[in-house]
Amino acid sequence: MKPPALRVSPTDMELFARASGDVNPLHVSAEYARRTPFGEPVVYGVLGALAACARLRERPGSALESIALEFLGPLSAGATYPVEAQETESTGELHVTDSGQLALKAQLAFARGSQRTLVEGRPEAREAPAAFDLEALDKGLAVSGNWAPSLAHLRQLTQRWELSDRGIDELAAAALAWTSYLVGMELPGERATFWKLDLRIASRGEAPSLPLPYTAEVTRRDERVGLVELAASLGDGLATATISAFVRSDPPRSDLATLAPLLADAPDLTGQVAVVVGGSRGLGAALTQALALRGADVLLVYRDSAAEAARVRGSVNAAAGTIEAVQGDAGDAAWCSDTLRPLVAARGGLDLLVCNASPPIRPLPLDPAGVDRFERFVLESLGLVVAPVSAFLDELDARSGTTLILSSSALTTLPAEWPHYVTAKAALEGLATWAAAAHPRTRFVVVRPPKLLTDQMNSLLGRVGASPVEPVAAEIVRRLGEPRSDSGPELVELGA
Amino acid sequence: MPLHDDLEQVFRDVFADDALALTDETTAQDIAQWDSLGHVNLMFTIEERFGVRFRGNELAEFANVGELERFLEEHANGSGRA
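Protein sequence lines correspond, in order, to chains A and B.
Numbering of the first sequence is given in our numbering, commencing with residue 4 and proceeding in unit increments.
Numbering of the second sequence is given in our numbering, commencing with residue 20 and proceeding in unit increments.
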């Protein structure tokens, strides 16, 4: 029986990595993916397409002749997505949707023909991806090599989805896996985001033996949008591919040299103890640096981004204050009480709690299919603030400290695809209103920063109109030096 | 066909929405499918249909569709922009 929808499990991800040799970190490393606009590991596009093909009808005596794929939105391992199939005698079209939006489109054409298997050979693939940046990808740049899938792993996937019964023989499945390897590991490699594929399988020829030689060449580069097009061939023309892939630019990083001169009017924080939740990247990193530059002893709390946390800590060696990086889940109340509170107590108390952490924001239209994800996002967002605030209210009251809650100008700009984000930030502002009344000794400051140039926003449209983090961080720290207002939480709107 | 209708048809084709209606004030925020990939498709399609070439990420920097229409009125079909 056909599955009701598409679901790629973490095990499928591992099988595909082994089958194809594509270990691009966007798919296999949570820490790496966190620094891309996707926020978390993304299912291999080709793997999603293979899983979707399980929805096709059986086609005895047919073999795949061509397949065109468009990867339009990221899929998450473990999540379930509806698949719609439209088929004729010789064609199939598959639409995978995510909360009502098209995430993957596949158009397949079949011809009468016998199915081909591959002859076992040693898997051949590079271990780490090449990392071309856009400037290096001149038109005409070519790569070549040998590639062999791990047939044992590929067969586990094709058998699970009964792909050969649906006209996708072993050669076709391998050729698809090769395109993933080519894009993710060779050209463009690490920075690639696979967008479009047009793959043709030759009808001639016997079962080829492994490894298969391949070539690929850059046929077009568009610097304006960070796109390259490739023409590629596997097995001396056994399969030919036209590929479009984006090349991601470097993640933005808060820069101390930019930040330091902006802090001239900021208060002296010498001797003050601060906790910054979500301090390794983006605005949180800039705030951590700014507080340390002004003399505070900062506990930088991060969950995944160890390398980024180390970078922030190492960036301010000559600062007046100190930074200690602490790994943990600030959304876990027990961790806040059992691990973080003793670290604060060892410093004699707490003057400033900065709640900056947020789950990765992915577009999520308000749609019945997305309700679970909506609720999870709001809960996780709230937990990342409620848990640390509840853990430290007594410490903050005792020193008449400050709680800084990062909201967003999205509450006034209302981005069409971010209803979950707007809802979560509005809830945080509600918490601040209640807490300011219930705990008048503690100062509560709600900040609505403008759209910021962070990892999350480092996409073609995201970068447009996004402010650098340093001036916003400096302005927030400067405001800490202003006298507090007497009633309710203070709202600081920095939005453009 | 007036430029506005022509542009509206491009938007309907690119975003696969026959009911899509453009006003001068329409922005990317108003169209759910207008994400980074939709944006690239839109950019390439407008360039092809109107014979223009955007500089850098100019298309994303127009404040709204009204500004885009004024740009196209000036530059469409090679009138003024290489």
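Quick caveat, the hints were computed from the structure, so don't treat them as lab data.
All values derive from a computational prediction rather than experimental measurement.
Please note that the accuracy of each hint is not assured.
[As the list claims (entries may be wrong)] Below 20 Å or equal to it, Euclidean Cα-Cα: the simulated SDA-like pairs (lysine to any residue) are: (1) A:142 / A:223; (2) A:199 / B:89; (3) A:108 / B:57; (4) A:108 / B:64; (5) A:454 / B:54; (6) A:454 / B:50; (7) A:108 / B:51; (8) A:199 / B:64; (9) A:108 / B:90; (10) A:108 / B:55; (11) A:199 / B:32; (12) A:454 / A:468.
[What the hints assert, rightly or not] Just a sample of chain A residues kept apart from chain B, beta carbon distances all over 12 Å, derived: (13) 118; (14) 227; (15) 465.
The beta carbon of each residue, even a glycine, is placed where N, CA and C say it ideally should be.
Each hint, compared with the structure:
{"no.": "1", "hint": "A:142 / A:223", "in the structure": "6 Å, holds"}
{"no.": "2", "hint": "A:199 / B:89", "in the structure": "32 Å, violated"}
{"no.": "3", "hint": "A:108 / B:57", "in the structure": "14 Å, holds"}
{"no.": "4", "hint": "A:108 / B:64", "in the structure": "19 Å, holds"}
{"no.": "5", "hint": "A:454 / B:54", "in the structure": "16 Å, holds"}
{"no.": "6", "hint": "A:454 / B:50", "in the structure": "19 Å, holds"}
{"no.": "7", "hint": "A:108 / B:51", "in the structure": "18 Å, holds"}
{"no.": "8", "hint": "A:199 / B:64", "in the structure": "16 Å, holds"}
{"no.": "9", "hint": "A:108 / B:90", "in the structure": "33 Å, violated"}
{"no.": "10", "hint": "A:108 / B:55", "in the structure": "17 Å, holds"}
{"no.": "11", "hint": "A:199 / B:32", "in the structure": "18 Å, holds"}
{"no.": "12", "hint": "A:454 / A:468", "in the structure": "7 Å, holds"}
{"no.": "13", "hint": "118", "in the structure": "34 Å, holds"}
{"no.": "14", "hint": "227", "in the structure": "6 Å, violated"}
{"no.": "15", "hint": "465", "in the structure": "7 Å, violated"}
The structure shown violates the earlier hints numbered 2, 9, 14, 15.
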